[in-house]
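Enquirer: Using the sequences and the hints given, assemble the complete structure.
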Amino acid sequence: AGALHLTDARLVLSFRKGADASDGSVAISAGSNYGPARAAGNFYLGGQRIRLTDVDLDAGGITARGDIALSSRIPSSADLTFTARPGAFLASGEANGRVRLTEGGGAETAILDVSGRNVRFAGSPYVIRTLDLDGRGTLDRLPFTLKTDVGGPTPLSFDGSGVYSRDGAAQSVVLEGGGSVREIDFTTRSPAVVSLSGDGRAAHIDLAVGGGVLTGDLRQDSRAAIIEANLTSVDLGSIAPDLRGRVTGRLSLRGSGDDLSGSANVALENLRSVDAPRGMEVDGTLTAMLVDNTLRIQARAVDEDAVEASADLTLPVEASAAPLRLAIARTRPMQGTVNIRGQVQPIWDLFLGGDRSLSGQMTANATLAGTLNEPRINGRLDLQQGAFRDNATGLRLQAVTLNSRFDDTTALIETFSANDGAGGQVSGDGRIGLRQGSGSSFQLLLRRFRIIDNDIAEARASGPITVVRGEDGNIRLAGEISVDEARIEANPPGSNGIVRMDVVEINRPGGDVPEADQTRSRGPQIGMDIAIRSPGGDVRVVGRGLNVEMSVNARVTGTISQPNLTGTARVVRGDYDFAGKRFVFDQTGSVTLSTRPDQIRLNLSATRDDPALTATIRVTGTAARPEIALTSTPALPQDEILSQVLFGRSASQLSAFEAAQLAAGVAALAGGGGFDVIGNLRELAGLDRLSFGGEASSLTVAGGRYITDNVYLEIIGGGEGGAGVNVEWQVRRNLTVSSKFGGQGEASLSIRWRRQSRQPGGASNDRRPNR
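In this note's numbering, the protein residues as written are 6 to 776.
Check each hint, because a few of them may be wrong.
As the list claims (entries may be wrong) - In the SDA-like style, the derived pairs of lysine to any residue whose C-alpha atoms are separated by at most 20 Å in a straight line are:
{"id": "1", "residue 1": "K586", "residue 2": "I720"}
{"id": "2", "residue 1": "K22", "residue 2": "I67"}
{"id": "3", "residue 1": "K586", "residue 2": "V624"}
{"id": "4", "residue 1": "K152", "residue 2": "F163"}
{"id": "5", "residue 1": "K152", "residue 2": "N123"}
{"id": "6", "residue 1": "K745", "residue 2": "Y711"}
{"id": "7", "residue 1": "K586", "residue 2": "R538"}
{"id": "8", "residue 1": "K22", "residue 2": "N47"}
{"id": "9", "residue 1": "K152", "residue 2": "L117"}
{"id": "10", "residue 1": "K152", "residue 2": "G165"}
{"id": "11", "residue 1": "K586", "residue 2": "L651"}
{"id": "12", "residue 1": "K152", "residue 2": "V119"}
{"id": "13", "residue 1": "K152", "residue 2": "D172"}
{"id": "14", "residue 1": "K586", "residue 2": "A664"}
Simulated from the structure, these hints should not be mistaken for lab results.
Expert: Below, the structure is given as structure tokens:
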């Protein structure tokens with residue numbers, strides 16, 4: 006969806022009187038970014054009024070037919086049928102109906118019949134999942150029914166009826182019914198009224214909301230404004246989506262011209278963050294006074310068994326009644342005090358919760374001065390027995406001790422120490438400048454500290470990290486750390502080998518949220534510029550057949566909540582298990598790193614030496630769409646290579662069961678994945694190889710594991726010969742000794758040897774030692 010751009014437009018304008026006494030006709034046709042566009046109609050001219058008849062419009066996803074009159078460029082009467090589909094005005098969904106608004110004394114001179122499904126206007130985060138509007142009457146009195154369900158940042162549903170009335174220049178809408186806002190039910194205790202007259206407007210509501218009562222009145226014109234609201238035990242989630250609890254209080258604003266004053270007195274009961282567990286509730290009060298462009302806020306939160314917090318702030322504001330405006334002035338002086346004593350978790354969850362949690366016994370006393378853009382803070386902040394967790398990365402701090410003081414423009418960290426709960430330590434001290442661009446000397450020292458611990462990765466690192474304040478005023482972590490050990494799961498939770506499909510959700514609860522809102526996070530945004538090194542191959546990648554150690558040379562920038570990873574990881578050693586067979590990674594392999602799977606570039610190869618051939622798997626492409634190719638020396642087709650690797654013989658000699666295994670291997674190489682029954686059974690049994698052979702009447706099952714890197718033990722069951730044991734020892738890359746013992750006492754010993762000569766004068770490309 007987006008703006009409608011016309012190209013190659015052709016306009017035909019005629020001022021010849023028509024048979025219907027029209028003053029002329031107009032027609033336009035053009036191409037557009039949404040396909041062909043056209044519009045036509047007859048027009049009548051008369052003073053400030055233009056009337057169009059026989060309108061026929063088809064452009065930008067909108068089709069409409071009928072008549073319309075414009076008075077001062079505003080529709081004053083209409084009789085149109087329309088259909089709206091995705092295009093210049095709608096991003097999704099469909100709406101259609103009839104709108105008839107005409108003067109006259111008939112019983113149904115005004116008709117509204119509009120319906121819509123999954124309608125989202127271009128640029129809007131809201132989705133009208135259902136809309137049914139039906140009204141019949143006159144322009145002086147038009148009763149209607151309305152049923153709608155809207156998803157988005159503030160989900161809303163309503164089912165009710167109303168009356169539109171007009172008396173000269175005065176208009177009003179009376180509405181009654183019920184619905185829900187953010188899944189909290191409401192009903193009208195008395196009809197809601199909205200009225201317009203000249204430049205004046207007024208509104209009155211009286212609602213039962215979430216077990217409480219909300220009443221409100223608004224009266225406003227070009228000179229003055231009055232706002233009154235009263236809440237009695239209203240569910241706080243209906244007002245603030247990130248909070249839970251109940252609110253009781255009164256709000257009053259009134260003034261004229263540039264003067265606006267008012268007050269608020271609110272009591273909060275069982276207040277907590279929507280993410281916080283039950284038991285973290287606090288009770289609180291909030292008092293505010295607005296006078297002479299100054300807003301004083303006094304707040305207090307108490308849990309008798311845990312915490313007591315208070316704040317007294319005097320903030321400069323820019324306020325006016327006409328136009329109605331209230332905004333904080335960030336460059337004018339402010340003042341205030343903040344005090345916290347006790348368990349900090351309920352307070353943290355209220356204001357900075359979400360993916361991060363903080364608990365512990367906090368004592369904080371601070372006085373505030375300066376401006377919001379350049380604050381001056383004096384006081385102390387101490388935390389004992391603290392704990393911090395970032396759920397996204399798994400970062401965990403335990404036994405946190407923090408002693409700090411604030412001296413006008415500098416925060417002095419006297420002591421900071423914590424552990425990760427598994428032997429890792431972090432400590433630090435120094436200064437942090439509170440002004441934009443001011444210097445900092447606060448440094449953290451990591452000792453085998455677990456910086457990542459989630460379902461995908463676990464990593465420990467050591468090294469210094471300096472906390473600096475950037476020119477933009479934001480805090481940034483900078484430094485260079487060494488990875489002591491890391492384990493990355495290539496087979497994350499939820500992976501099951503089933504091919505994943507791109508899914509588009511419709512009618513999702515809450516509607517489709519734009520990407521910008523989905524990535525929004527609560528809490529302070531801390532920047533990063535950290536170099537990560539692991540030259541000794543301390544990063545291990547396992548899962549999906551991988552068992553490889555890599556060295557990393559990378560850098561993490563961005564913010565903690567939205568990191569950006571760049572750099573390279575190179576293979577040190579490792580192997581890849583494909584269809585139960587082990588391939589050794591080439592040390593020239595590398596991976597170009599990124600935080601996005603579609604930008605992680607792969608350049609890996611793994612080789613397996615068998616007496617019959619040397620097979621190489623090469624992996625290129627991206628982590629989101631890897632491309633796998635299988636080659637061999639001597640050169641063979643892929644299915645023949647797999648057949649030799651898996652079964653030691655040609656594809657034409659395989660049984661039906663073995664051919665099925667071969668087909669699954671070919672599909673995996675093609676990148677299709679799929680539900681590999683045999684592969685999943687092999688992983689469930691903890692085997693390196695599981696194969697089925699023979700015909701249906703004499704089926705054999707073989708399963709085995711590598712005892713060491715070079716010794717493979719396999720047990721064979723079924724078939725005409727009964728059970729058997731096979732032991733294979735790869736003495737060198739071109740020499741294999743295999744012994745087999747059958748269930749009927751027979752035994753065999755075989756030696757397989759291969760030699761490949763290079764062309765005279767040619768150099769060997771194989772750098773691996775002949776073990």
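Enquirer: Each of the hints needs a verdict: does it hold here or not?
Expert: Consistency of the hints with the structure:
Proposed proximity of K586 and I720 is supported: the alpha carbons are some 16 Å apart, at most 20 Å. With a CA separation close to 29 Å, the supplied pair K22 and I67 exceeds the 20 Å bound. In summary, the hint linking K586 to V624 is supported, as the alpha carbons are separated by about 16 Å, within the 20 Å threshold. Between the alpha carbons of K152 and F163 the distance comes to roughly 6 Å, so the proposed pair stays at or under 20 Å and holds.
Only pairs whose Cα atoms come within 20 Å are accepted, and K152 paired with N123 is accepted, the gap being roughly 14 Å. Taken as a hint, the K745 and Y711 pair is honoured in the structure, with Cα atoms around 16 Å apart against an allowance of 20 Å. For the proposed pair K586 and R538, the alpha carbon gap of about 32 Å is over 20 Å, so the pair is violated. Distance hint between K22 and N47 is fulfilled; the C-alpha atoms sit about 10 Å from each other, no more than 20 Å.
Restraint check for K152 and L117: satisfied, since their Cα atoms lie roughly 13 Å apart, inside the 20 Å limit. Under the criterion of a C-alpha separation no larger than 20 Å, the hint pairing K152 with G165 is consistent with the structure, at around 6 Å. Of the supplied pair hints, the one linking K586 and L651 holds, its CA atoms being roughly 7 Å apart against a limit of 20 Å. As the CA atoms of K152 and V119 are separated by approximately 11 Å, the hinted pair is consistent with the 20 Å bound.
In summary, the hint linking K152 to D172 is not supported, as the alpha carbons are separated by about 26 Å, beyond the 20 Å threshold. Under the criterion of a C-alpha separation no larger than 20 Å, the hint pairing K586 with A664 is consistent with the structure, at around 16 Å.
Checked against the numbered hints given earlier, the structure breaks hints 2, 7, 13 and satisfies all the rest.
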